[in-house]
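Student: Start from chain A and add chain B according to the hints.
Protein chains in written order, with the working numbering: chain A, 1 to 154; chain B, 1 to 177.
These are computed hints drawn from the structure, not numbers from a lab.
Any given hint could turn out to be false.
[To be verified] If you want the ones that stay clear, here's a sample from chain A, every Cβ over 10 angstroms from chain B, calculated:
no.: 1; residue: I26
no.: 2; residue: P30
no.: 3; residue: R35
no.: 4; residue: R41
no.: 5; residue: Q42
no.: 6; residue: D55
no.: 7; residue: R69
no.: 8; residue: L73
no.: 9; residue: D76
no.: 10; residue: V99
no.: 11; residue: P110
no.: 12; residue: L114
no.: 13; residue: A142
no.: 14; residue: K148
[Stated by the list, open to error] Pairwise CB distance ranges, derived in the manner of DEER restraints:
no.: 15; chain 1: B; residue 1: P47; chain 2: A; residue 2: A101; range: 43 to 51 angstroms
no.: 16; chain 1: B; residue 1: G105; chain 2: A; residue 2: L104; range: 45 to 53 angstroms
no.: 17; chain 1: A; residue 1: P98; chain 2: B; residue 2: D44; range: 32 to 40 angstroms
no.: 18; chain 1: B; residue 1: G148; chain 2: A; residue 2: G119; range: 54 to 62 angstroms
no.: 19; chain 1: A; residue 1: F109; chain 2: B; residue 2: A58; range: 43 to 51 angstroms
no.: 20; chain 1: B; residue 1: P103; chain 2: A; residue 2: L104; range: 41 to 49 angstroms
no.: 21; chain 1: B; residue 1: D52; chain 2: A; residue 2: P30; range: 39 to 47 angstroms
no.: 22; chain 1: A; residue 1: L114; chain 2: B; residue 2: D161; range: 41 to 49 angstroms
no.: 23; chain 1: B; residue 1: L14; chain 2: A; residue 2: V130; range: 29 to 37 angstroms
no.: 24; chain 1: A; residue 1: L114; chain 2: B; residue 2: G23; range: 20 to 28 angstroms
no.: 25; chain 1: A; residue 1: G118; chain 2: B; residue 2: E176; range: 58 to 66 angstroms
no.: 26; chain 1: B; residue 1: G91; chain 2: A; residue 2: F109; range: 47 to 55 angstroms
Glycine included, C-beta positions come from ideal geometry on N, C-alpha and C.
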Amino acid sequence: MRFLLLPLAVLLLTAPALARPGPDEIMEDPALEARAMVLYRQLRCVVCQSQSIGDSNADLAADMRVVVRERLLAGDSDAEVRAYLQQRYGDYVLMLPPVQANTLALWGFPIVLLLLGGGIAFFFVRRQAVREETELSAEEEAQLAALKREEGLE
Amino acid sequence: MSRFLVFAPLALFLALAGYFAVGLREDPTDIPSQLIDAPLPEFDLPPIQGFDEGLSSADLAGEVVLLNYFGSWCPPCLVEHPMLMQIARSGEVPIYGIDWRDPPGAGTAWLQRHGNPYTRIGDDASGRLAIEFGITGAPETFVIDRQGRVRYRHVGVITQDVWRETLRPMIEALREE
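One chain only, chain A, in its complex shape (with noise of 0.2 angstroms):
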């Protein structure tokens, strides 16, 4: 079995390595290659889902990928990059939603979950903390005395 580990620990370190862009893909600006390495991350591979067109190996990801180089290297900006394929893919190419009325409740939900639970851990501890501060009635004292005596602390 052993003779099994070194390969497979090969494969398992260089499979994330296959699907980054090839050596290929490199643009001579290395500003711009920059720039490109940041959009690849933040535009998504229409074909494989949650992946970045950055992370995928798909034939449409790197045709995506020239597209990124061809619009840096036309002069767009990062935001026009991204514009340029949204207006192909619609809101799906972008792998951060915009915030938009039909993302409210994506963008709102941990907000308003944030506020519940908080809100209710505050009552909660509030109520602990006001438990604490009543006093024992007379009746109540009584009883504890009643108690103390018997087990002999008093």
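Tutor: For chain B alone, kept in the frame of chain A given last:
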């Protein structure tokens, strides 16, 4: 008050279950086309090997047509192919094809083997035009009206049902416009 609070987790569970029951039924690969009711992107594609004429957006003007993205490497395209042949034989609507990401000659060989349902074929070997069309996979078929606007996109294989119940009625309606 606290008596109702006991049911809060149950209510929350039911709300989430209902949400997921709807959400998980949706097909995440079904990305709405951005081209619906928009004019077709302009293009001028070269012919595939062995053909004299390529395909340009001007070729599609003036009548209701189907525009089909295919590739010889795409198994569902082969499944769809007999349906396209049937439509082409019936003469009900011209089908234009775009050969997507095929190496030179592969599309031609594929059509020679299985038959050619296309009026004209363009070669999108680089896949650059596919991105203008917002293509996510082959086959994809667009219904284009007389004014050259995209009216409908079908993702995946055109089955008999899709043809009978969706595409044919739509083509007939568009001809009436």
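Student: Evaluate each hint against the coordinates.
Tutor: Now the hints, each set against the structure:
1. Look at A/I26: its CB is around 19 angstroms from the nearest CB on chain B, clear of 10 angstroms, so calling it non-interface holds up.
2. At roughly 25 angstroms, the least C-beta separation between A/P30 and chain B is larger than 10 angstroms, which holds for a residue marked as non-interface.
3. Distance check on A/R35: its Cβ is at least 19 angstroms (rounded) from any Cβ of chain B, clearing the 10 angstroms threshold; non-interface status holds.
4. The beta carbon of A/R41 is kept farther than 10 angstroms from every beta carbon of chain B, the shortest such distance being approximately 18 angstroms.
5. Against chain B, the non-interface label of A/Q42 holds: every CB pair exceeds 10 angstroms, the least being about 16 angstroms.
6. With a closest Cβ-Cβ approach of about 17 angstroms to chain B, A/D55 is found to remain outside the 10 angstroms limit, as its non-interface label requires.
7. A/R69, annotated as away from the interface, keeps every beta carbon of chain B farther than 10 angstroms; the closest lies near 12 angstroms.
8. Distance to chain B confirms A/L73 as a non-interface residue, since its nearest Cβ pair spans about 14 angstroms, more than 10 angstroms.
9. With a minimum CB-CB distance of about 15 angstroms to chain B, A/D76 clears the 10 angstroms threshold, and the non-interface call stands.
10. The claim that A/V99 lies off the interface holds: its Cβ sits roughly 19 angstroms from the closest Cβ of chain B, which is beyond the 10 angstroms cut-off.
11. The beta carbon of A/P110 sits about 15 angstroms from the closest Cβ of chain B, which is more than 10 angstroms, so the claim that it is off the interface holds.
12. Listed as a non-interface residue, A/L114 keeps its Cβ farther than 10 angstroms from every Cβ of chain B; the least gap is roughly 16 angstroms.
13. For A/A142, the condition that its CB be more than 10 angstroms from all CB atoms of chain B holds, with the nearest at approximately 31 angstroms.
14. The Cβ of A/K148 lies farther than 10 angstroms from every Cβ of chain B, with a closest approach of about 33 angstroms, so its non-interface assignment holds.
15. Hint check: B/P47 to A/A101, Cβ distance near 46 angstroms, so the stated range 43 to 51 angstroms holds.
16. For B/G105 and A/L104, the Cβ-Cβ distance of about 52 angstroms falls inside the hinted range of 45 to 53 angstroms, so the restraint holds.
17. Taking 32 to 40 angstroms as the suggested C-beta distance range, the pair A/P98 and B/D44 conforms, at roughly 34 angstroms.
18. Hint check: B/G148 to A/G119, Cβ distance near 57 angstroms, so the stated range 54 to 62 angstroms holds.
19. Between A/F109 and B/A58 the CB atoms are about 49 angstroms apart, so this pair conforms to the stated range of 43 to 51 angstroms.
20. In this structure the supplied range 41 to 49 angstroms holds for B/P103 paired with A/L104, their Cβ-Cβ distance being about 47 angstroms.
21. In this structure the supplied range 39 to 47 angstroms holds for B/D52 paired with A/P30, their Cβ-Cβ distance being about 46 angstroms.
22. In this structure the hint that A/L114 and B/D161 lie 41 to 49 angstroms apart at CB holds, the actual value being about 47 angstroms.
23. For B/L14 paired with A/V130, a C-beta distance near 33 angstroms keeps the hint of 29 to 37 angstroms intact.
24. A hinted range of 20 to 28 angstroms holds for the C-beta pair A/L114 and B/G23, which are about 22 angstroms apart.
25. The hint said 58 to 66 angstroms for the Cβ distance between A/G118 and B/E176, and at roughly 60 angstroms that hint holds.
26. One distance hint, 47 to 55 angstroms for the beta-carbon pair B/G91 and A/F109, holds here, with the actual separation near 54 angstroms.
Hint compliance for this structure: every hint is met.
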